[in-house]
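Fit chain B to the supplied structure of chain A, relying on the hints for placement.
Chains A and B, in that order, give the protein sequences. Each residue of the first sequence is one higher than the one before, counting from 41 in the numbering used here. Each residue of the second sequence is one higher than the one before, counting from 41 in the numbering used here.
What the hints contain is simulated information worked out from the structure, not anything from laboratory work. Each statement offered as a hint is correct.
For chains that are exact copies, the list does not tell them apart, and a pair is met inside one copy or across any two.
Taking lysine to aspartate or glutamate pairs in the DMTMM-like style, the calculated list, with each CA pair at most 20 Å apart, reads: (1) K297 x D213; (2) K206 x E296; (3) K206 x E371; (4) K111 x E93; (5) K209 x E296; (6) K206 x E350; (7) K209 x E350; (8) K327 x E313; (9) K209 x E298; (10) K53 x D309; (11) K520 x E448; (12) K206 x D346; (13) K626 x E429; (14) K209 x D346; (15) K193 x E629.
There are 2 protein chains.
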Amino acid sequence: MSLYTVTFNPLGKKVKVNRGTTLIEAASEADISINNVCGGDGICGHCRMIVTEGKVSGRISEKLTPDEIKKGYVLACMSSVESDVVVLIPEETLVREKDEADEDIIRHKRAEDVFCKDKWQPFPLVQKIYLELEQPSLSNNTADHQRVCSAIKNRLSVTFSQAGLKIIKSLPDILRDNNYHITATVGIRGNIAEFMYVEGGNTADKNYLVVVDMGTTTVVAHLIDANKYKTIDAKACFNSQGIYGREVTGRLISAEKEGSSKLHKLLIDDINELIGKLVRDNKVHFKDITAVICAGNTVMGHFLLDLPIENIRRTPYIATSIEPPPLRAAEVGIKINPRGLLYSLPGISGWVGSDLTAGILATGLNEKSETSLLVDIGTNGEVIVGNSEWIMACSASAGPALEGASVECGVRAEKGAIERVYVKAGEICYDTIGKAPPIGVCGSGIIDLLSVLLNEGIINRSGKIVKKISKRVTTKEGIKRYYLVLESENRNKKPVYITEADIENIITAKAAIYAAMKILLQRLDLQFTDIKHFYIAGAFGNYLDMENAITIGLIPNIPRDRVIFAGNTSIKGATIAALSQDALNKIIEIERNTTYYDLMGADDYIHEFTKAMFLPHTDIEVFQTVEV
Amino acid sequence: MSLYTVTFNPLGKKVKVNRGTTLIEAASEADISINNVCGGDGICGHCRMIVTEGKVSGRISEKLTPDEIKKGYVLACMSSVESDVVVLIPEETLVREKDEADEDIIRHKRAEDVFCKDKWQPFPLVQKIYLELEQPSLSNNTADHQRVCSAIKNRLSVTFSQAGLKIIKSLPDILRDNNYHITATVGIRGNIAEFMYVEGGNTADKNYLVVVDMGTTTVVAHLIDANKYKTIDAKACFNSQGIYGREVTGRLISAEKEGSSKLHKLLIDDINELIGKLVRDNKVHFKDITAVICAGNTVMGHFLLDLPIENIRRTPYIATSIEPPPLRAAEVGIKINPRGLLYSLPGISGWVGSDLTAGILATGLNEKSETSLLVDIGTNGEVIVGNSEWIMACSASAGPALEGASVECGVRAEKGAIERVYVKAGEICYDTIGKAPPIGVCGSGIIDLLSVLLNEGIINRSGKIVKKISKRVTTKEGIKRYYLVLESENRNKKPVYITEADIENIITAKAAIYAAMKILLQRLDLQFTDIKHFYIAGAFGNYLDMENAITIGLIPNIPRDRVIFAGNTSIKGATIAALSQDALNKIIEIERNTTYYDLMGADDYIHEFTKAMFLPHTDIEVFQTVEV
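The shape of chain A in the complex, shown without the other chains (with noise of 0.2 Å):
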């Protein structure tokens, strides 16, 4: 198959790939991050490049002006390579470098902030054990394996039944080597303890674990020191995965057509290029890290492990395993000590996973006699409901308009993205992220655009957009538009609006995750007034807006001191997992006491839905406290 040439300006970077080869993968074999929501399927129109030279084949897009035809413009998903090829990404194309990747992205808690030792038992899961052991004699002839392992037993109670035979191997000669003063890596896998690896002498200082929150849209890792229960750094990137769709739904279909490992490659060089990082920067040894822990949405603990995903998509939507056992990391190509342990925190469903038990443990929620609500607000709208004595979850389908795609201008949470919208003198005012010149609008925006246009009375509770106000209302191939930023606001010379369909993907979403809440107290006989602590998870909830995100109904009308911005409680829970084997087996419980709701067999759930297709609700009483 003949090999071409692609090069990507102005990054100047260059790539070897088969003809036929699309733009947006040869981008991505680049390693060259590309604004792309709709997974290659053409309709976004996000991926936009120019070619300067070269020919590239494939069909042309009504995302594309002629003009833009004319000027080069191609959609970097519909185009394949079929010579060498010089292409130009335009800035709006080009999501910056990983590297880049904002610090806001990863907000953090830090270990030492949430892990609480008087309410955890401090037990790492993997630890490292510095033993001067006695010496054998006649009298004291145990042998090496039992007398390393018999020590480790009396500092860590802990049961063994697993050891490589290679590690027992090497005893022999270590023991003697080192006077008997050795390091026993040992690693907790269920009820049983792993004797991992021997070191010769006292390395036990240094033992780090990497905790993963494996977002769809963003990968987060946090370096640990098991011995100080303390958080060194923080590293983020955008999940690579997004070239095969920004929603979970077109990865699975894209890696049904060509085959998972595809997905589950690009997950693990996001995860060992953040362990990188993570090392490099804070001077520690690959051989130092001994775990990693990983939370995530049920689909992202598939790719990682690369387990068949053709399930969990169509009824009855079965996961192939939502506990998986811990397994060495080398074995899906994690690179820490090649003897470190990977352990996959366990989900409650395939559409419901280790995410969101990691944020019941980190919540706290499972331990409260008073009912509360969890609610993780992305693409997926989970929703958990529980106290003490029984926990309950389902998952709603939202799309991903409140993360700012599925709206034409919608932006990820970076630079430059809207972030903010209110009236301040009777004006319309929006702040961006780093004040940059606005390039889009982020998830938080959209929702405060909304309220706002439904307080001014710019949109009316269906979405509609009723006021005709010159230059900001205008209507395009019989849809309204109403423009936040006009071209000549903007010092990007790029506007920025919202289209009534926009704002149709906007309530959509909203609706699916309140009617999911509403469903699943219904099956309980509860009411919203019943939930006394409100936890709303996910990045977005660290941004978001709480009367507005009432006063469009996201939220239902409940006192505000009851809310809570619980942060990205994944990487809180995984974070406290990894320091506490109570914490671990608590999970577990957690996973193993929630009962799944699936709402497709929810007679109820398509009334409830349309009930909630309004701003802020069809039985407006239920917000009453709501100025509309």
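Chain B in isolation, oriented as in the chain A frame:
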């Protein structure tokens, strides 16, 4: 390096070897078992061969007469190949082919005889479970992996924490292709269970275990139907490591000199050969053998896994591991189901192995409130004393005399071996195995012979030949010898005699074992009369004449009804453990609760040993019912 062909006649077997290879090594390569006791040190003189063509180099052995040297006789262990060579192996040098190993050697108890379901909870270490799973639905959306594991748990009450990634990956297709009717294979690994593999449909009726007794002399393998708790067949072969010495010490030295992997490989090859025969003869598939359960002395246990052996034979005699975890059999090269497990039963110390822990289980010594003694008579004499409260163990190096080695006319218990010697109508008579012309004396015959010679006044209590009998008693090189069979009386044209040097070796062996028993009892403040059950184990024990053994002082003079010939307690105990996790746990408990007492630390051992260097003993009153 030059390659030469060695042809072994009368077998006609050929093998290509490097220049400098010894003939005994060449014979091993050619899969020929050679009579050899000293382990290749040129001492025993048993490995004689006649070089009929070609050239060998090596020193001339004093074990050969000038006449023999003239005829081309060499010692195979001392002769290196220097050209293509043709060799004739005399009948007495040839150990019968492995597959002719005498059925007597096996003399096993069958599983259905030793495994008592009332006593041990039937729970084979690996089980196949046929499951007809409920099909998933919206109201039953458990993930595939958890669906299978929870069904297994319902059936077996086990805790999982292990399953290979490959197995988990295979589940979705196997479940759906087989209408959720599958067979899961589950193995016990310490406190947890491993979901080992899965097959479509019902294959649960095909689950076989192989139990192996890794004897220093003989390797025995039993094929057990795990569903029927029944022994299907048994095979045995001589331990091919014999080429490196009849005693484990010789093999340890060879392993240090030449690397232990050679000895490891010989043992694995033997086990594979036995399994191959069991498979062929019983029309079983390798894939349906799900586990191998091994017992044996600790050195054999180390060779099985190729663990370092350097410290076992040096003070303070430290093993690398006496309780290795279950491994995948394939990891050490044992050919059964590729996912099948290898269980090494736990031993007590470097010199008291799992053949003894299995023996304790098999005799039930650990469950009786009365105190019992178990002695395993072999090259090593292991002594166990204990009851349901406590157990102590020690081991004495006896040398191979009681097995027919280090005795000039000593042979293994094979066809033509004199196994009984007795007085009939005033004449000393003998019986041979298979009623064949005598080729030498094996262990039981040696004890009988010594007893008869003592009773007839031919030897005195020091083992010196004191009676002159024309023709039968002669002196050669200053050492007296007694001819049991004159050359003229034997169709083999071979005399069978015993020398004063042989007798000293035998007395040394019995004294070592007796002193070991004595010292261990002294430490416990016990007398032989306090022992209510006196178990004699080892294949040896099957043939032993109790009165003669007492006459020479190998066994103390105790009431005869307390003596039990327990047979191969190693294979019995291992069979019970293979079929019951309870029993395996009991063996581990036995191992942990048994105190090993090292006789090297006993200053009075040499005193007791010296006192036992008489027939039956210095203190004749302790053997007062014995007529001398």
